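Line by line, the protein sequences give chains S and R.
FYI, in the numbering used here the residues of the first sequence are 1 to 169.
FYI, in the numbering used here the residues of the second sequence are 1 to 201.
It is worth saying that the hints were derived from the structure and are not from the lab.
Computed from a predicted model, the values in this text were never measured in an experiment.
Certain hints may be false.
[As the list claims (entries may be wrong)] DSBU-like, lysine-lysine: derived pairs with alpha carbons at most 35 angstroms apart:
#, chain 1, residue 1, chain 2, residue 2
1, S, K45, R, K178
2, R, K28, S, K4
3, S, K45, S, K2
4, R, K66, R, K178
5, S, K45, S, K4
6, S, K4, R, K178
7, S, K2, R, K181
8, R, K181, S, K45
9, R, K178, S, K2
10, R, K28, R, K66
11, R, K66, R, K181
Chain by chain, the residues run as shown.
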Amino acid sequence: MKCKDIRTLLSLYIDDALDEIGRERVAAHLGDCADCRREAEILSKTWAMLGELDEIEPSPSYLSRFYARLAERRPGDAPWVEAFRGFSFRRYLLPALAAACLVVVIGIGVVQVQLKIADQGRHTAVSWNGLDLELIESLELAENLELIHVLEFLPDLEVIQALDGMETS
Amino acid sequence: MTMQTPLRRNAAFDPDVRLMLAFKRGEKAAFEELLRRHFRRVLNFVYRFVGRRDIAEELTHEIFLKVYRSAAGYEPRAAFRTWLLTIAKHLALNELRRRAHDGSSLEAMESTPAGRAPAAPSDPSPPAEEQLIRRERIAAVRAAIDALPENQRLAVILRRYEELSYGEIAAILGTSEKAVKSLLHRAKEHLRRELTPWVEK
Ligand SMILES: [Zn+2]
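Okay, chain R solo, but in the shape it has when bound:
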């Protein structure tokens, strides 16, 4: 594992690793601090991956329960966010596979009100037509991302929204940087095909 030495060294300077270690020592406030720092981000990561707000909330709670229970065996082997997102990826993939297996597809419930995120309350309400176009563009992006195979979708989310390096994405996906570049290349080609009509307007 060639990448572990620098990760191990850097981990000591990661404020989240320090919080996790403090929690392991018994400081409950440290865990709450981790929740406050990361809950929203993990929620959005999962939301972008599964596309459903209600499922994303559920899963995010499960992810942090896992983090809570993992404190006992926690060793700072990687940056905290890499570790956290690896847990998030595992649980989100499991959930998608469980649903696929049970036949309870995500699309089947897509029209429930909880499935759509409400507009941010701070939005000044733009004219109706503008708002409609905006919603259509968002739906197009959503559909283009949803149509990606899981690996490509994860790579896109980690790169575009989490702004992670190729190395970090490779660690989370359990693959090489080269494979990540290839995943992203294919994903971008797909997104270009799907979204070109929207950017040419």
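Bound conformation, chain S alone:
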């Protein structure tokens, strides 16, 4: 193999990401070629140098700050929340939640179709794959569930469980 070919493999070689054959070929070449050996050394040193970057610590109050944000984001102080207080959950809200679920399900369908269309036009290395699609679905679902967080008098997870139950039943 020529030096030029070896050079393109060096970054994978120093990361131990070549298969056995590739690894042996590069190693054999490096045994004979001082220039490529030097190049391999610089590549691994610059890669190692990245380890000098500083690490940061979360601020000491990060947990309480998180919960403060969570409470603040739940739009429990919106004026129309008051209108919901005193309603019976089972009599009035379950049908409403069921309807909301339907909207969410339809919404996901629309998003999927849109993403498929968007996907066809994409040429970049980073495109939507299955994981992203699934993630987006669950995020979309979660966004819609935020509406439900308005029901401050219920622990949010009970609502979520109720929704899960309805979806499966």
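Using the hints provided, position chain R with the ligand relative to the given structure of chain S.
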């Protein structure tokens, strides 16, 4: 999706997946455990990507709010960290694009004190000159990483600092392992060009 079957099977053994499922069932303590286990790591992932401590903190809170709200629809389809870092990537990219769009560039505020991480308190204070060189080297690494295109930067951070496999990086970036190798190859060439003067000294 050929990779999903093993992921689905492995997910059951992922302690973080178990915590997430426990939280989905209503155990609030499980979420707090996830926060404790992952907040610092996500914070550093975002910090390395965006380069600003204050923005990284903000974004990390947003990422975990997203995780919190996603509990309802959560299904263990991937290892938890892959899922978590995919959310982190999405929000960090959105934030960068929003800022680029608003014209509020990251560099414009770079000199604010909050933008620089304080030295770790446990550091024994080295002689001034040594400290200066150390800071210059860190700044050089920072600049070299910042100059990478987004995809390459993400690949480098996920490989060098998160120590993820090519497969995991591919899943997070939504691309193939081959594309990840190519991204990393180009990134390493760039880093070599930028940082060679520092390693030859
Ligand atoms: Zn050679």
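Quick rundown of the hints versus the structure:
no.: 1; hint: S/K45 / R/K178; verdict: holds, 24 angstroms
no.: 2; hint: R/K28 / S/K4; verdict: violated, 57 angstroms
no.: 3; hint: S/K45 / S/K2; verdict: holds, 23 angstroms
no.: 4; hint: R/K66 / R/K178; verdict: holds, 30 angstroms
no.: 5; hint: S/K45 / S/K4; verdict: holds, 20 angstroms
no.: 6; hint: S/K4 / R/K178; verdict: holds, 20 angstroms
no.: 7; hint: S/K2 / R/K181; verdict: holds, 21 angstroms
no.: 8; hint: R/K181 / S/K45; verdict: holds, 19 angstroms
no.: 9; hint: R/K178 / S/K2; verdict: holds, 22 angstroms
no.: 10; hint: R/K28 / R/K66; verdict: holds, 15 angstroms
no.: 11; hint: R/K66 / R/K181; verdict: holds, 30 angstroms
In this structure, the one hint that does not hold is number 2.
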